[in-house]
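Engineer: Below are the chains, spelled out letter by letter.
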Amino acid sequence: MTTTPAATDLTHLDAAELGRLLGAGEVSAVDVTRAHLDRIAADDGLLHAYLHVDGETALATAAAVDAARAAGDELGPLAGVPVALKDVVVTEGVPTTSGSRILEGWRPPYDATVAARLKAAGTVLLGKTNMDEFAMGSSTENSAYGVTRNPWDPERIPGGSSGGSSAAVAGHLAPWALGTDTGGSIRQPAALTGLVGHKPTYGSVSRYGLIAFSSSLDQAGPMARTVLDAAVLHEAIGGHDPRDSTSIPGQHPLLAEAARLGAGGDLTGVRIGVVRELGGEGHAEGYEPGVLARVAEALAVLEGLGAEVREVSCPSFDLALAAYYLIAPSEASSNLSRFDGVRFGLRVGDDGSRDLDEVMALTREQGFGAEVKRRIILGTYALSSGYYEAYYGQAQKVRTLIGRDFASAFGSGDGDGVDVLVSPTTPTVAFPLGARVDDPIAMYAADLCTLPASLAGTPAISVPCGLSDGLPVGFQIMAPTLADDRCYRVAAALEAAQDAARGHRLLDELAARRTTGGPA
Amino acid sequence: MTTTTGDRLLDFDDVVSRYEPVIGLETHVELGTVTKMFCGCSTTFGAEPNTQTCPVCLGLPGSLPVANAAAIEATVQIGLALNCRIASWCRFARKNYFYPDIPKGFQTSQYDEPLCVSGYLDVVVDGETHRVEIERVHLEEDTGKNLHVGGSTGRIHGADHSLVDYNRAGIPLVEIVTRPVSGAGAKAPEVAKAYVTELREIIQALGVSDVRMEQGSLRCDVNTSIAPVGALEMGTRTETKNVNSLRSVERSVRYEIRRQAALLDEGVRIRQETRHFHEDTGSTSPGRSKEEATDYRYFPEPDLVPLAPDAAWVESLRLALPELPAARRARLIQEWGLSDTEMTWLLNAGALGVVAETVAAGASPAEARKWWLGELARRANESGTELTDLPITPAQVAELSGLVAEGRVNDKLARQVLDHVLAGEGGPTEVVEARGLAVLGESDELVAAVEAAIAGAPDVVAKVRAGKVQALGALVGQVMKTTKGQADAATVRRMLEERVVGQTG
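Protein chains in written order, with the UniProt record's numbering: chain V, 1 to 520; chain W, 1 to 505.
To be clear, the hints were calculated from the coordinates, so they are not data collected in a lab. Just so we're clear, the structure is a prediction, and the values are computed from it rather than from any experiment. Here a beta-carbon is modelled for each residue, glycine too, at the ideal position from N, C-alpha and C. There could be a bad hint or two in this list.
Said to hold, decoys possible - Derived Cβ-Cβ restraints for the label pairs, each shown as a range: (1) T236(W) - Y381(V): 40 to 50 angstroms; (2) A311(W) - Q394(V): 24 to 34 angstroms; (3) Q394(V) - A308(W): 20 to 30 angstroms.
Stated by the list, open to error - Under 10 angstroms between C-beta atoms, here's a sample of chain W residues computed to sit facing chain V: (4) V56; (5) L60; (6) P65; (7) N96; (8) F106; (9) Y120; (10) Y166; (11) P302; (12) D303; (13) A455.
Pulled out of the complex, with its shape left as it was, chain V reads as follows:
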């Protein structure tokens, strides 16, 4: 059932490999870009991964890279490699909607720092990817612009909120993409589409120019088909940014190097803690057996590479979901206040017959979708006078407790704790479209495992660990603040060992289905 895609198909090459070929002059940026645009033209009608594609501009950018290379300019290793950006990333002159009707037609006058850094690196922007409106959701079904389908099974969701990015990369409509993660929005869609997705340490990637959902939680990060690609993309966007006060100054860890080290396959001395509260013994309710089985197999693989595996309890993690659904909506209710129809985006009812308050209310009424309104109402209530302490205040205390659970699990670094914590990325494989749209609580449960690292601001990666019922399962690796390199190292080791055991990459099975005529 496995067929290796033709080497001539540029959309099947890893981004790092594309960079190497481009650098060596073996392929042109225009060819690489055109290959992806062709793929988008062929498949995006079904998948709807993209909200906006500007092929002309992409080809012009690629041609400029080729010309510069021909002229002998010094170019970086990513020059000419295409990339897709989640539509939450502000891009100068390129429509940016955050998946919302309220921003329809808005062309920002500036670039997000992550977009500017990718531009400076010479990458070619293919387009902007679909997402749950304002990143609120776990299935991309909350987009104002229609659902995105999972390339593994078009009747299923691609995860969310970065579902456009996950579908684009898994479907080979982009070699890699940026997502953003507030409560799991990179890791969960990566898991459900067989990708690697990393949520960086809070403050290690600039938030300047990411349309804010929950400021104290939002982080942009890479979504890629290999651990090494994810690390390379992360390094390209990361590091201190003076435009973001919460950005961490100083030296950040070397990630691609960690990924290469991990791929060497030796994890001797690495201590891995399995979080009991996230699918561990006695806490497995709601977790699919196939998911737990793949995670157990992955742990066995890691042990086989020399890692020590033990179970660790983080009791406060049980409270993460409740705390998250107070903190994130509270901040969102404030962050979304600027969408009032006054300065940009949609304005409804300004026909001279209505006063200011009515126009603002009507604009927001028609511009926001149901889930966004639900969270604005929830957050407004949680912050209101008299309830603040009971809700927002308590949730912040839970957040502190979760941070302490992480700290005690990781110990002081003198061998009394573990180096990384692991869990399933999400309790189930990709669910069918529409299955949870009328049950917000069930939808929120998709983020159960990813929320603790979001609340603690610590890094976490999702790496594929096999299939359950023919659908990908994600394995989550969490590390202490600014130890993102550990995530990459362990993930790369797991990836290499599983690929070797399997004899091919997990995503090749998706490609094989395509060549044998459609999804399984």
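With chain V's structure known, arrange chain W on it following the hints.
Structural biologist: Frame of chain V; chain W shown alone:
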């Protein structure tokens, strides 16, 4: 726009004999930083609308604030000058409400963790010191400015459409809040004015704002309540906005005291509300009702890291504070040998600064005061300008004073010189030379005038020689008349004595 008011007012003296006023002041000061509070945009006043904006101060999606270190430093300086404790750790907070002039849908401000707390400012009214306690000094950002086009009032109601200028949005704003000030009795309106006056001078001395009330870089909200003398609880307060001059601060308090007393006497409850002050009538009228109290849903601003001013840094700022107005006044009273009353005159005339500069330029304190409070004050009054706006510098006043002391001009000539200087003809020495206004020495011209006077009045000469020396005055007058006042009277008298009395002796 003239505002008519239907408010019934009681006599002020009657009211304050029966009610105790309590005032509170919230003062906003726009800092004179080069850039805005959270972005790099210019803060220059008066630019074309919306030319000093960027994604951050326009609140565009995705933009993030970065706090201006110079604004934080200026706020700490103000806090120190007001005897506040500087927080070792504090945060910004979001104040959430919808209005077109706040681009983000919230104002970045401070809530329960202000930068400076628990200070005080002593003000003197009629020789009596009143301590005004400062509750907090915090840092926030200014809003944009709405311009309501059409309609008669310039307010949003009745306007055809509204325009917003975001140049002001994001300019650093320091809010200084007093605790309720009670016990001032009939002096409450003057204490309020004295407080704002003193605050303005302190901020001027610190050099952190130009504190121009007419440009809105110092804005004042005045809270006023009254309660029957001896009552345990404070009355319901009103908050008066649009108080745009020092005089208005005093008048608005006075008006509210009289209005509230009339209502209370009739058994009507005071509504807690915002009122607008009207400069033309000195009255207040109700503004936005607070019946639908806005819940601002304050919470710590997650886009900014907490502020943690280093203790050593705060101490270095304290040591580097300039001499503050109160200390300066005390020193000058000593150095110039003034009475408190004389200092009050100087302050009321707004002349302390120019007098001090004139002294620094070499004039004696007495001469400097005499010029500024006398001739120059009169001329400012006549032309309806501020003393400090007269087209003459303290150095020129000192120069003129020097010419008098040297005897190069007399008082009468000096006044003429002043006219020409004010007319823009140059400095005093230049004017004296160009116009030939110097006192005549013992020139042939003067000798001739003296001898002509003696020759022309033999009867007076006889009287003097007979012992009536005071009769010489008539001859002095004659000489001064002949020389059109350009002679020095003492010199003339001496020359006359030599010629008339000297001959007999």
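Engineer: The structure should be examined with respect to each hint, and the outcome stated for every one.
Structural biologist: Hint check results:
Taking 40 to 50 angstroms as the suggested C-beta distance range, the pair T236(W) and Y381(V) does not conform, at roughly 30 angstroms. A hinted range of 24 to 34 angstroms for the beta carbons of A311(W) and Q394(V) is consistent with their spacing of about 33 angstroms. Between Q394(V) and A308(W) the beta carbons are some 25 angstroms apart, a value that agrees with the proposed interval 20 to 30 angstroms. With a cut of 10 angstroms, the hint placing V56(W) at the interface with chain V holds, because the nearest CB-to-CB distance is about 8 angstroms.
Taking 10 angstroms as the C-beta cut-off, the interface hint given for L60(W) holds, the closest approach to chain V being about 7 angstroms. The closest approach between the C-beta of P65(W) and any C-beta of chain V is roughly 7 angstroms, which is under the 10 angstroms cut-off, so the hint is satisfied. The closest approach between the C-beta of N96(W) and any C-beta of chain V is roughly 5 angstroms, which is under the 10 angstroms cut-off, so the hint is satisfied. Look at F106(W): its Cβ gets to within about 5 angstroms of chain V, closer than 10 angstroms, so that hint holds up.
Given hint, Y120(W) at the interface with chain V, is violated; its Cβ is 30 angstroms from that chain's nearest Cβ, farther than 10 angstroms. Taken as an interface hint, Y166(W) checks out: its beta carbon lies about 8 angstroms from the nearest beta carbon of chain V, inside 10 angstroms. Among the interface hints, the one on P302(W) holds; its C-beta lies about 4 angstroms from the nearest C-beta in chain V, closer than the 10 angstroms criterion. Hint on D303(W) holds. Least Cβ distance to chain V is approximately 5 angstroms, under the 10 angstroms limit.
The restraint placing A455(W) at the interface with chain V is violated, with a minimum CB-CB distance near 91 angstroms, outside the 10 angstroms limit.
Figure legend: structure checked against the earlier numbered hints; hints not met, in rising order: 1, 9, 13.
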